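*Asks:* Protein sequence lines correspond, in order, to chains U and R.
When we follow the numbering used here, the leftmost residue of the first sequence carries the number 1, and every step to the right adds one.
When we follow the numbering used here, the leftmost residue of the second sequence carries the number 1, and every step to the right adds one.
No wet-lab data here; the hints were simulated from the structure.
A hint or two may mislead.
Each computed DSS-like pair below joins lysine-lysine, with the alpha-carbon atoms no more than 30 Å apart [as the list claims (entries may be wrong)]: (1) U:K33 with U:K552; (2) R:K202 with R:K134; (3) U:K20 with R:K134; (4) R:K134 with R:K156; (5) R:K156 with R:K202; (6) U:K552 with U:K322; (7) U:K33 with U:K20; (8) R:K156 with U:K16; (9) U:K25 with R:K202; (10) R:K156 with U:K20; (11) U:K25 with R:K156; (12) U:K33 with U:K16; (13) U:K16 with R:K202.
Here the structure is a predicted model, which means the values were calculated and not measured.
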Amino acid sequence: MSTRPSASVLWLLGPKVRSKFNRNKTDERRRFKWGLLGFVGLFFWTFIFGVIFRMLLYFRGTQGIGDLLAAKLLGIALLTFLMILLLSNVITALSTFFLSDDMELLVAAPVDSVQLYGARLVETIVDSSWMVALLAIPLLAAYGVVYAASWPFYALAVATIVPYLVLPAVVGSAFTLMLVNVFPARRTRDLLALIGLFAAAGVVALFRFLRPERLVRPEEFRDLVDFMAVLRTPTSPWLPNEWAAQSLMSQLTGGFDPFPFALLWTTAAAFFVIGSWLHLRLFPTGFTRAQEGAELRKGRPRSTKLEQLKWAAPATRQLVSKEIRVFFRDTTQWSQLILLAVLVVVYVYNIKVLPLYTGEQVSFFLINVVSFLNLGLAGFVVAAIAARFVFPGMSLEGRMMWLLRSSPLDVRSLFVTKYWVGTIPLLLIALPLIVVTNVILEATPLILGITTVSMVGVTLAMTALALGLGALYPNFETENVAEIPTSFGGLVFMMSAVSYLAVVVMLLAWPVNGLLQARFAGQTGGADLVPLVLGAGGALLVTLACVIVPLKAGIRRVRSLQ
Amino acid sequence: MRDYGMSEPVQEQLRRLMDGVGPGEDATPEMLSLNGIVKRYGEFSAVNGLDLTVPRGEIFGFLGPNGAGKTTTIRMVAGVLEPTEGSVVIGGYDLATHPMEAKSRIGYIPDRPYLYEKLSGGEFLRFVSGLWGKDEPASEDRADGLLEIFHLLEWKHELIESYSHGMRQKLLITSALIHQPELIVVDEPMVGLDPRSARILKDLFRVFVERGGTVFLSSHTLEVVEAVCDRIAIIREGGVIAQGTMDDLRTQVDSGGADLEEIFLKVTGNEDMAEVVAGLQESRF
């Protein structure tokens, strides 16, 4: 028999590309979706572009060190991208290489190992890096505009970003490949917890390493020479972010230096070769191990105490314990938990390094304002968590809906159960978060009290919005839970959540500002009650509406599902 | 050919579609050999030193109670799982050392398949034939012919998400045949098929082995296994406990006119169950 040609990378990517195309073709709401996505995208792009543009203009105004500051900023931004990409690639590679349902077909086919590696690597890059790639566009465009660069800069920017995305994808997927080989797949959870630990440590190390707060406080340096020395030192000459930054800055400042650019490409190529060699050697065993986890669970499952809850109706009791069990046994959910942990660590860490207590004494007023803005930011963290964990709730029910619908269980109790199973853990995260950050900020007891009570309301509303909108925009088909929050419905949820937060923060800021002003001026008790009643009452009403309306709409939608 | 009452035109069509199936010049007499394969999950052994040889031109049935290690074995034969010990040899090629040569000879029909929901049936078939390096007009014609026999041709351009369970199974069978494999590895082939399609499939397997192809089939539908298989192996706890033609198996269990169900219940240690079944049958007739 003659040797048959193996399917190419492009052929292997075919079904994914075609599926996306077909999905879009059959989607009746695509115009509205793309319109909305375009609008939101444009808004964020303009915002990021504006911020970077202003900073670069300011840097350029500072004689002598302007270019150095701009290069440093680019280096830091690219290093942050690199860290995000590494983490995201490790997690994405686990699903694209090992857990993806179509792998069985591809592994059973006589497909060349390098081709399969290439195809899955491209898929990993696309899934893990699209957001970073989109963020890089306004960032690099701002550099191009401020430095009045012509088209070679933009061409170079694209040619720089490509190997820059390949490198962390190769490293991340090789890391996953080795972990899957070392750990039995049944221990995937431990494995992911380990990745999470590394990731959180990595993020903290990154910030400590960069000490970005130092750059905004030049007065801490002994003299200008010292400051310039820090600016000139690369974050690390061994990391690709430095090569990319050097390559781009050299083009912007007049003399293109091909060395860092060549270094980036050759390293990416060398890493690809090493990656495909590792794949050839380790993938078959790794894939076999990943299958094992799906086939056998050892030992008796721990019985949950929740099943003995006497106060609840049997259906509610079973629903609650089912929700909790399914959550903790689903490894894809676990990888989401890691992202959550990283999100919280980054948030608390940033609050801690806020330069509020250094240099001159920061005013009492500013601290309180920051504490109050903290409510908005913590609310945003809660929204992000709700998007990951509560929003997919109804979609995950998907193919099991027949059972729930054919049972005598009311849709309303299903919702109420899901609502509380989502709300209580969120409260357990949100309340310590707001209290800890406020304590770090040394906020007054008044602010602490107001923000804590508001946080309870915000959490209640966020869960309802996530659950309700998740039922209004269900995605029953996806094999990957991580895709649900990034779907169109997920976007609608995030937009509604951010709008809700903005309204609540503004409504509360008004009376709180009055109260603080009055206290600061030494008045006691004489604060105007009208804004307090209107503001707090308004926030309460908006919150109530955000709890009731989405839940009702969600219940109606699930009842109408065929 | 064994007669299942299939109409002549359909059989003719099947024969035409199977043109070109068969062993190459360098073919070994054995299509498949499992040499002492062991599959362990931690401390648990799912397959325990299994030895089997399947010659070319045979439909080989592979039976066993739930959890006996059938699907694990099938997935090792298809090259999806690596055995912990032992080797799987397909047409003279060891799967571990020559995976490309070995896999290119197999058409695999899993029991719980994944199909790309957002591809049409035609797009899926084209993709699969490309995976086996057969992206050519002849394989497209073959696919159309099989779809036509299965009454699926008019659905070719519809997305797979709109297919019923049986239609998916028929698409999957078609996809395993378009690259003209030498060995079909199939887990529960009849699930979801209507009587007509089930009969076509039996015929199809028969034409396939007449042309020198080999079928390695696992199923719980004992009537089907008894009707189509030339030889049968029964496994329990990861090892072969009985093997041979129906007559060989009858001799092994010492009962002249036993059907496969009785033999199965006896050799798998459910003799009391066999008596119950026999008693029920007597009272019925």
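*Asks:* A separate judgement is required for each hint: does it hold in the structure or not?
*Replies:* Hint-by-hint comparison with the structure:
| no. | hint | in the structure |
| --- | --- | --- |
| 1 | U:K33 with U:K552 | holds (24 Å) |
| 2 | R:K202 with R:K134 | holds (25 Å) |
| 3 | U:K20 with R:K134 | holds (24 Å) |
| 4 | R:K134 with R:K156 | holds (19 Å) |
| 5 | R:K156 with R:K202 | holds (23 Å) |
| 6 | U:K552 with U:K322 | holds (23 Å) |
| 7 | U:K33 with U:K20 | holds (14 Å) |
| 8 | R:K156 with U:K16 | holds (19 Å) |
| 9 | U:K25 with R:K202 | violated (38 Å) |
| 10 | R:K156 with U:K20 | holds (19 Å) |
| 11 | U:K25 with R:K156 | holds (17 Å) |
| 12 | U:K33 with U:K16 | holds (20 Å) |
| 13 | U:K16 with R:K202 | violated (34 Å) |
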